[in-house]
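First to last, the sequence lines map onto chains A and B. If you read the first sequence in the working numbering, its first letter stands for residue 1, the second for the next number, and so on. If you read the second sequence in the working numbering, its first letter stands for residue 116, the second for the next number, and so on.
Mixed in with the good hints, there may be bad ones.
Stated by the list, open to error - Facing chain A, according to a computed beta carbon distance under 8 Å, are these residues of chain B, among others: (1) 148; (2) 160; (3) 165; (4) 183; (5) 210; (6) 218; (7) 221; (8) 222; (9) 223.
Stated by the list, open to error - Computed list of lysine-lysine pairs in DSS-like fashion (alpha-carbon distance at most 30 Å, straight line): (10) 13/A x 55/A; (11) 3/A x 188/B; (12) 3/A x 53/A; (13) 70/A x 18/A; (14) 193/B x 57/A.
It is worth saying that the hints were derived from the structure and are not from the lab. Quantities reported herein were computed from a predicted structural model and do not represent experimental measurements. Idealized CB from N, CA, C, for every residue including glycine.
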Amino acid sequence: DVKVTQSSRYLVKRTGEKVFLECVQDMDHENMFWYRQDPGLGLRLIYFSYDVKMKEKGDIPEGYSVSREKKERFSLILESASTNQTSMYLCASSTTGSLSSYEQYFGPGTRLTVT
Amino acid sequence: AQTVTQSQPEMSVQEAETVTLSCTYDTSESDYYLFWYKQPPSRQMILVIRQEAYKQQNATENRFSVNFQKAAKSFSLKISDSQLGDAAMYFCAYRSAGGAQKLVFGQGTRLTINP
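So that you can see chain A by itself, here it is in the shape it has in the complex (with noise of 0.2 Å):
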């Protein structure tokens, strides 16, 4: 089974801190993604990649960057954090090819509070 893993569940920062969440897939996906769900607003796209140290923009990168140094792991980070990015992040990945489901498969979430 595709495994996506986040490195945290939940996590409480201050306004102003530099903050990374991790995202490792075990399934060598050539896509990966960053979300984040807010209630009433559903899933947005932050930001994607497609390949090593490829990122495309996704619907709301304002206040965000990523990482992408190895296949398996994206990294999103929080320049300087607000409270207006507290929220609930999704990393997903997909594979591309003739025999791809075109399904993404999520992580676990990591639950931001940024106070």
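Could you slot chain B onto chain A? The hints should help.
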């Protein structure tokens, strides 16, 4: 840009009954994929069912089936013989057939199963 709308924030159903969750989407594309994802309380998001837009036949997975109306841009999920384990947030999602594999999600519907 594509949008996905779930107009039912909450739904409830009696155990063993049938429930239908609604989803509409807006796109100018002719080829795409639609998904229903399930997020149980405190558990990871998983794929429930997938529909390719070029297929006229509605997808079915055991007790889960969809009613895909391409012209109306509607994609509802029917859950038959509801079970307590079906209680979850359900998200409808859209993905273009070409280009990046990013998903566009609806706002979600919280489904409660009454014993």
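Quick one: which hint numbers does this structure break? Sort them smallest to largest. Those not satisfied are hints 4, 11 and 14.
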